[in-house]
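There are 2 protein chains.
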Amino acid sequence: MLTGPGRRDTPRRSRLGCRLAGALSGGLTLAACLLMPQPQVHPQSPPPAHPIAIVIHGGAGNISRSTLSPEKEAACRAALREALDAGYRILQQGGASLDAVEAAIAVLEDSPWFNAGKGAVFTSAGTHELDASIMDGATLRAGAVAAVRRVRHPIRLARQVMERTPHVLLVGEGAEALAREAGLELVDPAWFDTPERRAAWEKRRSQAPAPNEPGPADVAAEGKHGTVGAVALDRHGHLAAGTSTGGLSGKRPGRVGDSPLIGAGTYARDATCAVSATGQGEFFIRLAVAHEISARVEHRGLSAAEAAAAVIREVGWLGGEGGVIVLDARGRVATPFNTTGMFRGWRVEGRAPVVRIGPED
Amino acid sequence: MLTGPGRRDTPRRSRLGCRLAGALSGGLTLAACLLMPQPQVHPQSPPPAHPIAIVIHGGAGNISRSTLSPEKEAACRAALREALDAGYRILQQGGASLDAVEAAIAVLEDSPWFNAGKGAVFTSAGTHELDASIMDGATLRAGAVAAVRRVRHPIRLARQVMERTPHVLLVGEGAEALAREAGLELVDPAWFDTPERRAAWEKRRSQAPAPNEPGPADVAAEGKHGTVGAVALDRHGHLAAGTSTGGLSGKRPGRVGDSPLIGAGTYARDATCAVSATGQGEFFIRLAVAHEISARVEHRGLSAAEAAAAVIREVGWLGGEGGVIVLDARGRVATPFNTTGMFRGWRVEGRAPVVRIGPED
Numbered sequence: 004m005l006t007g008p009g010r011r012d013t014p015r016r017s018r019l020g021c022r023l024a025g026a027l028s029g030g031l032t033l034a035a036c037l038l039m040p041q042p043q044v045h046p047q048s049p050p051p052a053h054p055i056a057i058v059i060h061g062g063a064g065n066i067s068r069s070t071l072s073p074e075k076e077a078a079c080r081a082a083l084r085e086a087l088d089a090g091y092r093i094l095q096q097g098g099a100s101l102d103a104v105e106a107a108i109a110v111l112e113d114s115p116w117f118n119a120g121k122g123a124v125f126t127s128a129g130t131h132e133l134d135a136s137i138m139d140g141a142t143l144r145a146g147a148v149a150a151v152r153r154v155r156h157p158i159r160l161a162r163q164v165m166e167r168t169p170h171v172l173l174v175g176e177g178a179e180a181l182a183r184e185a186g187l188e189l190v191d192p193a194w195f196d197t198p199e200r201r202a203a204w205e206k207r208r209s210q211a212p213a214p215n216e217p218g219p220a221d222v223a224a225e226g227k228h229g230t231v232g233a234v235a236l237d238r239h240g241h242l243a244a245g246t247s248t249g250g251l252s253g254k255r256p257g258r259v260g261d262s263p264l265i266g267a268g269t270y271a272r273d274a275t276c277a278v279s280a281t282g283q284g285e286f287f288i289r290l291a292v293a294h295e296i297s298a299r300v301e302h303r304g305l306s307a308a309e310a311a312a313a314v315i316r317e318v319g320w321l322g323g324e325g326g327v328i329v330l331d332a333r334g335r336v337a338t339p340f341n342t343t344g345m346f347r348g349w350r351v352e353g354r355a356p357v358v359r360i361g362p363e364d
Numbered sequence: 004m005l006t007g008p009g010r011r012d013t014p015r016r017s018r019l020g021c022r023l024a025g026a027l028s029g030g031l032t033l034a035a036c037l038l039m040p041q042p043q044v045h046p047q048s049p050p051p052a053h054p055i056a057i058v059i060h061g062g063a064g065n066i067s068r069s070t071l072s073p074e075k076e077a078a079c080r081a082a083l084r085e086a087l088d089a090g091y092r093i094l095q096q097g098g099a100s101l102d103a104v105e106a107a108i109a110v111l112e113d114s115p116w117f118n119a120g121k122g123a124v125f126t127s128a129g130t131h132e133l134d135a136s137i138m139d140g141a142t143l144r145a146g147a148v149a150a151v152r153r154v155r156h157p158i159r160l161a162r163q164v165m166e167r168t169p170h171v172l173l174v175g176e177g178a179e180a181l182a183r184e185a186g187l188e189l190v191d192p193a194w195f196d197t198p199e200r201r202a203a204w205e206k207r208r209s210q211a212p213a214p215n216e217p218g219p220a221d222v223a224a225e226g227k228h229g230t231v232g233a234v235a236l237d238r239h240g241h242l243a244a245g246t247s248t249g250g251l252s253g254k255r256p257g258r259v260g261d262s263p264l265i266g267a268g269t270y271a272r273d274a275t276c277a278v279s280a281t282g283q284g285e286f287f288i289r290l291a292v293a294h295e296i297s298a299r300v301e302h303r304g305l306s307a308a309e310a311a312a313a314v315i316r317e318v319g320w321l322g323g324e325g326g327v328i329v330l331d332a333r334g335r336v337a338t339p340f341n342t343t344g345m346f347r348g349w350r351v352e353g354r355a356p357v358v359r360i361g362p363e364d
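Keeping their order, the protein sequence lines are chains A and B.
Residues 4 to 364 (our numbering) are what the first sequence spells out, left to right.
Residues 4 to 364 (our numbering) are what the second sequence spells out, left to right.
For the record, the hints were derived by calculation from the structure and aren't laboratory data.
The beta carbon of each residue, even a glycine, is placed where N, CA and C say it ideally should be.
A few of these clues could be false.
[To be verified] The following label-pair restraints were derived from C-beta to C-beta distances:
| id | chain 1 | residue 1 | chain 2 | residue 2 | range |
| --- | --- | --- | --- | --- | --- |
| 1 | B | Arg316 | A | Glu317 | 24 to 32 angstroms |
| 2 | B | Gly319 | A | Thr70 | 46 to 54 angstroms |
| 3 | B | Glu176 | A | Glu188 | 53 to 61 angstroms |
| 4 | B | Thr142 | A | Ala202 | 55 to 63 angstroms |
| 5 | A | Thr197 | B | Leu321 | 35 to 43 angstroms |
| 6 | A | Ala202 | B | Thr70 | 58 to 66 angstroms |
| 7 | B | Pro192 | A | Gln210 | 21 to 29 angstroms |
| 8 | A | Glu317 | B | Glu205 | 44 to 52 angstroms |
| 9 | A | Glu309 | B | Glu205 | 28 to 36 angstroms |
| 10 | A | Ser209 | B | Gly319 | 52 to 60 angstroms |
| 11 | A | Arg303 | B | Thr197 | 43 to 51 angstroms |
| 12 | A | Trp320 | B | Glu166 | 48 to 56 angstroms |
[Unchecked claim] Computed far set for chain B versus chain A, every beta-carbon distance over 10 angstroms:
| id | residue |
| --- | --- |
| 13 | Arg144 |
| 14 | Asp273 |
| 15 | Ala312 |
| 16 | Leu321 |
| 17 | Asn341 |
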C-alpha cells in the first residue's frame with residue numbers, strides 16, 4: 004500500500020518484502036527487497052495501491068463424504084462462488100467493503116444449503132431465530148440483530164441498525180420493528196424451512212427425552228453449523244466483516260451465539276484485520292475470538308494469519324470446534340479451522356477465485 | 004503470589020518489586036528488591052498469598068451537586084457499602100468470587116438508586132428491559148441475559164445460564180423460561196418502577212417528537228446510566244466479574260448495550276484481570292472494552308490499571324463516556340472513568356473499605 008501502482012504478477016513474498024520496507028522507509032525499499040527471498044522477481048511490477056479482496060465462509064464442521072453428497076457439494080460450491088462474485092463485483096466497481104460483505108452474505112442467506120436465512124436450523128420449539136452482525140473497519144461502527152424470525156436477510160437488518168440507529172445490537176421484536184421501518188423484506192417464518200432441516204428437527208425431537216433442554220453434549224456434538232460470513236477489503240483500503248446464522252440446531256429459544264456479537268463472531272479494524280467466525284459459538288464468546296485475533300495483530304505484531312491460527316488452537320484447548328476467515332489491509336487471506344472442513348472461498352485481485360471445503364490448502 | 008505469606012504492612016512498591024522478581028526467578032528476589040525504591044521496608048512482611056478483594060460500581064456519569072442531592076448521595080453511598088459488605092463477607096468466609104459478585108450485584112439490583120433491577124430506566128415504550136452477565140475468570144465460563152422483563156435479579160439468571168445450560172447468552176422470553184425452571188423470583192414489571200424514573204420517562208415522552216426513535220444525540224447526552232457491576236478475587240486466587248443494567252433511558256425496545264455482552268461490558272480471566280464497565284454501551288461494544296483491557300495485560304504486559312486507563316482514553320477518542328472497574332489476581336484495584344464521577348467502592352483485605360463518587364482518588 005505504500006508502494007506505487009503497477010502490474011500484478013509480482014510474486015507475493017517479494018511484494019510483501021517491498022511493502023514492509025516501504026512502511027519503514029520509502030528510500031530503503033530497494034535495499035530491503037534485496038535482503039528478502041526473491042523467487043521470480045519482476046522488479047517493475049509492484050502490486051496495486053490497494054488490492055481488493057473478499058473472503059467468505061459457509062460454516063466449519065466435521066464434513067465427510069458420508070455427510071456431503073456430490074450433488075450437495077456441487078450446490079454448496081456453486082452458492083459460494085455466486086456469493087464471492089456478488090461481493091467481488093461491488094469491490095471491482097469501486098464499492099465499499101461493507102456493501103460487498105452485505106451482498107455476499109445475502110446470497111448465502113438465500114441459499115438453502117447454509118444455516119442462515121433460508122435453510123436455517125430449527126429451535127427446540129420448531130421455530131427459526133436468526134442472528135447477524137456487520138462491522139466497518141474504518142470507523143468501528145457496527146450493527147447486529149439477534150432472535151429475529153421474519154426478516155429474509157438478517158445481514159441487511161444488521162446494516163440498518165448500524166446506519167439508522169445509534170445502537171449496535173437489537174434483539175427480537177424490537178429488531179423486527181426496525182426492519183418494517185426500513186422497508187426490508189419480511190417473510191412468513193415457514194419461508195426459512197427446508198426439508199432437510201425439518202427432517203433433522205423431527206429426528207432430534209423423537210430421540211431427545213427433553214427437547215427443550217439441550218445438554219453440553221449437544222453443543223459439543225453439533226459439529227456442522229453452516230453459519231455464513233464474509234470479510235472484504237475495498238479500493239480505499241477499508242476492511243469490513245459480517246456474519247449471519249440460524250444458530251445452534253435444536254437450540255433453546257432465545258439462545259444467542261457468537262455470530263451477532265461484535266468481538267466474538269465478527270470484528271473489523273483497518274489497522275489490524277477483519278474476522279468472521281463459525282463454530283460452537285459459546286467457546287468463541289468466552290475467548291472473544293474475533294477481537295482477540297485483532298488484538299494479537301495490534302499488540303503482539305503478529306500477522307492476521309498467525310494470530311488467527313493461534314486463537315483457533317486456543318478454541319480447541321478449551322474444547323471448542325470451528326474456524327475463522329481473516330483478511331488484512333494488504334489483502335492477505337487466512338482461513339484456519341480445527342474441524343475436518345470449512346466451506347470457504349476467496350478472491351484477491353489479480354488471482355483466480357478459490358472455493359475450498361477440506362484442508363487441502 | 005510468588006512470595007510467601009506474612010504480615011501485610013509492607014509498602015506497595017517494594018512488595019511489587021519483590022513479586023516481579025519472584026516471577027522472574029525466586030533466587031533473584033533479594034537482589035531485585037535491593038534495586039527497587041524501598042521506602043519504609045519491613046522485610047519480614049510480604050502480603051498474604053491470595054488477598055481477597057471486591058470492587059463494585061453503580062454507574063459512571065456527569066454527576067454534580069445539581070443532580071445529586073445530599074440525601075440521594077447518602078442513600079447511594081449506603082447501598083454501595085451494603086453491596087461491598089455482602090460480597091466481602093462471602094470472600095471472608097472462603098466463598099467463591101463468582102458468589103461474591105452475584106451477591107453484591109443483587110444488593111444493587113434491589114436498590115432503587117441504580118439503573119439495574121428496581122430503579123431500571125424506562126424504554127421508549129414505557130417498559131423495562133433488563134440485561135446482565137457474569138464470568139468466571141478461572142474457567143472462562145460465562146452466562147448472560149438480555150431484554151428480560153420479569154426477573155427480579157437478572158444477575159442471578161445470568162448465573163443460571165452459566166450453571167444450567169451449555170449457553171452463554173439467552174434473550175427475552177427464552178431467558179425468562181429458564182428463570183421459571185430455575186425457580187428464580189419473578190415480579191410484576193411494575194416492581195421495577197420508581198417515581199424518579201417514571202418522571203424522567205414522562206418528561207422525555209412529552210418533549211421528544213418521536214419517542215420511538217432516539218437519535219445519536221440522545222445516546223451522547225445520556226451521561227448517567229447507573230449500571231451496576233462487581234469484580235472480585237477469592238481466597239483461591241480466582242477472579243470473577245459481573246454487570247447488570249436497565250440499559251439506556253428511553254431506549255428502543257430490544258436495544259442491547261454492552262452490559263450483557265461478554266468481552267464488551269464484562270470479562271474475567273485469572274491470568275489477566277476482571278473488568279466490569281459502565282457508560283455509553285455502544286462505544287464499549289465497538290472497542291470490546293472489557294476484553295481489550297484483558298488483552299493488553301496479556302499481550303503488552305501492562306498492569307490492569309495501565310491497560311484500563313489507556314482503553315478508557317480510547318473510548319473518549321471515539322466519542323464515548325464511561326468507566327470501568329478492574330481487579331487483578333494480586334488484589335490491585337483501578338477505577339478509571341472519563342466522566343465527572345463514577346459511583347464505586349472497593350475493599351481489599353487488610354485495608355479499610357472505600358466508597359467514592361467523584362475523582363478524588
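Hint-by-hint comparison with the structure:
Distance hint for Arg316 (chain B) and Glu317 (chain A): a CB-CB separation of about 28 angstroms, consistent with the stated range 24 to 32 angstroms. The hint said 46 to 54 angstroms for the Cβ distance between Gly319 (chain B) and Thr70 (chain A), and at roughly 50 angstroms that hint holds. Distance hint for Glu176 (chain B) and Glu188 (chain A): a CB-CB separation of about 25 angstroms, inconsistent with the stated range 53 to 61 angstroms. At about 36 angstroms, the CB distance of Thr142 (chain B) to Ala202 (chain A) disagrees with the hint of 55 to 63 angstroms.
Our hint of 35 to 43 angstroms for Thr197 (chain A) and Leu321 (chain B) holds, since their Cβ atoms are close to 42 angstroms apart. For Ala202 (chain A) paired with Thr70 (chain B), a C-beta distance near 60 angstroms keeps the hint of 58 to 66 angstroms intact. Checking the proposed 21 to 29 angstroms range against Pro192 (chain B) and Gln210 (chain A) shows it is violated: the Cβ atoms sit about 38 angstroms from each other. For Glu317 (chain A) and Glu205 (chain B), the hinted distance range of 44 to 52 angstroms is satisfied, since their beta carbons lie about 50 angstroms from each other.
A hinted range of 28 to 36 angstroms for the beta carbons of Glu309 (chain A) and Glu205 (chain B) is inconsistent with their spacing of about 55 angstroms. A hinted range of 52 to 60 angstroms for the beta carbons of Ser209 (chain A) and Gly319 (chain B) is consistent with their spacing of about 56 angstroms. As the Cβ distance of Arg303 (chain A) to Thr197 (chain B) is approximately 47 angstroms, the hint placing it in 43 to 51 angstroms holds. Hint check: Trp320 (chain A) to Glu166 (chain B), Cβ distance near 22 angstroms, so the stated range 48 to 56 angstroms is violated.
For Arg144 (chain B), the shortest C-beta to C-beta distance to chain A comes to about 7 angstroms, within the 10 angstroms cut-off, and the non-interface label is violated. For Asp273 (chain B), the condition that its CB be more than 10 angstroms from all CB atoms of chain A holds, with the nearest at approximately 13 angstroms. No Cβ of chain A approaches the Cβ of Ala312 (chain B) within 10 angstroms, the least distance being about 16 angstroms, so the stated non-interface status holds. The non-interface label for Leu321 (chain B) is inconsistent with chain A: the shortest C-beta to C-beta separation is roughly 7 angstroms, within 10 angstroms.
The claim that Asn341 (chain B) lies off the interface holds: its Cβ sits roughly 17 angstroms from the closest Cβ of chain A, which is beyond the 10 angstroms cut-off.
Of the hints listed earlier, those the structure fails to meet are numbers 3, 4, 7, 9, 12, 13, 16, in rising order.
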